[in-house]
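Colleague: Put the two chains together into one complex, using the hints given.
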Amino acid sequence: ETGVTQSPTHLIKTRGQQVTLRCSSQSGHNTVSWYQQALGQGPQFIFQYYREEENGRGNFPPRFSGLQFPNYSSELNVNALELDDSALYLCASSLARVNTDTQYFGPGTRLTVL
Amino acid sequence: AQSVTQLGSHVSVSEGALVLLRCNYSSSVPPYLFWYVQYPNQGLQLLLKYTSAATLVKGINGFEAEFKKSETSFHLTKPSAHMSDAAEYFCAVTSGSARQLTFGSGTQLTVLP
Numbered sequence: 001e002t003g004v005t006q007s008p009t010h011l012i013k014t015r016g017q018q019v020t021l022r023c024s025s026q027s028g029h030n031t032v033s034w035y036q037q038a039l040g041q042g043p044q045f046i047f048q049y050y051r052e053e054e055n056g057r058g059n060f061p062p063r064f065s066g067l068q069f070p071n072y073s074s075e076l077n078v079n080a081l082e083l084d085d086s087a088l089y090l091c092a093s094s095l096a097r098v099n100t101d102t103q104y105f106g107p108g109t110r111l112t113v114l
Numbered sequence: 115a116q117s118v119t120q121l122g123s124h125v126s127v128s129e130g131a132l133v134l135l136r137c138n139y140s141s142s143v144p145p146y147l148f149w150y151v152q153y154p155n156q157g158l159q160l161l162l163k164y165t166s167a168a169t170l171v172k173g174i175n176g177f178e179a180e181f182k183k184s185e186t187s188f189h190l191t192k193p194s195a196h197m198s199d200a201a202e203y204f205c206a207v208t209s210g211s212a213r214q215l216t217f218g219s220g221t222q223l224t225v226l227p
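First to last, the protein sequences are chains C and X.
If you're matching positions, the first sequence starts at 1 in the numbering used here and goes up one per residue.
If you're matching positions, the second sequence starts at 115 in the numbering used here and goes up one per residue.
Chain X on its own, in the form it takes in the complex (with noise of 0.2 angstroms):
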């Protein structure tokens, strides 16, 4: 079964320092890669996906992901953090015969003034 793993389930950082939120996932086949954001009693928006094209997705809001076989990661970055940014995040990957969505147990970041 295809899996992910969020190491950190809480990252801080100050506005405009570097957003890393840290992704590894288990497949045995290649896999499509998810990052979503959750802000506070709402539901999920995606930033970005990794489809096999491009190693490097760029999504919404300035965030991107790098896709690293060798590495097993995906890990989701974004060079200055706003205030705005503080929220959940969520990786994901598609597995199954309903290529449902499989979730990370989710960071929450927080962005300090």
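Chain C with its partners taken away, still in its complex shape (with noise of 0.2 angstroms):
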């Protein structure tokens, strides 16, 4: 069984530029879920997409947005990039939209906006 993978593990911008960031869910999950996590803090939800649909979304701008495909992988897109928006960038996989459920995590994407 294939965990949640993260692409790419670092990524320098500078401000005003674009970035999109990338995630595969573990098989089987229908339920990619983003997390923003600054340093020294914890994870703040950002969206989160079920069956190719957004389904719920945290306090962030309409420049974070994001997309999820068929075969249930995920995009996180930023415009604009902002120097606060220097953070590691946590996908989340779950079967199912429900409480109980576990949220599976990969290991982040480094942004860094100079």
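For the record, the hints were derived by calculation from the structure and aren't laboratory data.
Incorrect hints may appear among the rest.
[As the list claims (entries may be wrong)] Residues of chain C placed beyond 10 angstroms of chain X at every Cβ, according to the derived structure:
1) Thr2
2) Gln26
3) Arg51
4) Pro61
5) Phe69
6) Asp101
[What the hints assert, rightly or not] Simulated DEER-style distance windows between Cβ atoms:
7) X:His196 / C:Ala80: 37 to 47 angstroms
8) X:Pro193 / C:Gly16: 51 to 61 angstroms
9) C:Pro70 / X:Pro193: 39 to 49 angstroms
10) X:Ser126 / C:Gly3: 44 to 54 angstroms
11) X:Ala131 / C:Pro8: 35 to 45 angstroms
12) C:Leu83 / X:Ala131: 34 to 44 angstroms
Bear in mind the structure is a predicted one, so any value in this text is a computation, not a measurement.
Ideal placement from N, C-alpha and C gives every residue a C-beta, glycine not left out.
Modeller: And the structure:
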């Protein structure tokens, strides 16, 4: 069974640029959630995709957008990058949208905005 | 909104000593609670979860947590710390329409030789 994978591992961008982060969910999982973890803080929920539809969104501006594909992999896109977007971006997959379902996390993508 | 509070951003214990990491939750409905561990430069790994079955939950690597409704707590314990337990630990609760995880601010555990 393949776990959650993310690419790239590290990324450096400059202010104003756009970035796309990718996530492959664990085999059989149809739900993907994205989290932002700033240095020294706990992860914060960005949004969730279930069967290719956005299923919920945290307190992030519209320049954070996403997609989920038929194979349940997902992308996180961030436009007009700001310095505060520098963080570890974590993707998590789960089998269903239930409270008790475990979310399995990938290793993350470290984004640095200069 | 459901939330969790982790008391103590840094905890140091000696190798072989008891580990106690504190987590209190705020919830108007029965919560579903999780503990995750994060090693340096890695993602999050699930240690254990509470889903309203047994109040004492056993997890991986010898960790366990007890759900105490009267104290609104879900503290993580391990009888004997190992050097390999040094990491950051996050308590989390599911909330919202997407059942997303809401995390505490984390506790950095240091294990002293």
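Colleague: Next, verify each hint and record whether it holds.
Modeller: Outcome of the hint check:
no.: 1; hint: Thr2; verdict: holds, 14 angstroms
no.: 2; hint: Gln26; verdict: holds, 12 angstroms
no.: 3; hint: Arg51; verdict: holds, 13 angstroms
no.: 4; hint: Pro61; verdict: holds, 17 angstroms
no.: 5; hint: Phe69; verdict: holds, 19 angstroms
no.: 6; hint: Asp101; verdict: violated, 7 angstroms
no.: 7; hint: X:His196 / C:Ala80: 37 to 47 angstroms; verdict: holds, 45 angstroms
no.: 8; hint: X:Pro193 / C:Gly16: 51 to 61 angstroms; verdict: holds, 52 angstroms
no.: 9; hint: C:Pro70 / X:Pro193: 39 to 49 angstroms; verdict: holds, 47 angstroms
no.: 10; hint: X:Ser126 / C:Gly3: 44 to 54 angstroms; verdict: violated, 31 angstroms
no.: 11; hint: X:Ala131 / C:Pro8: 35 to 45 angstroms; verdict: holds, 40 angstroms
no.: 12; hint: C:Leu83 / X:Ala131: 34 to 44 angstroms; verdict: holds, 41 angstroms
Hint compliance for this structure: hints 6 and 10 are broken, all remaining hints hold.
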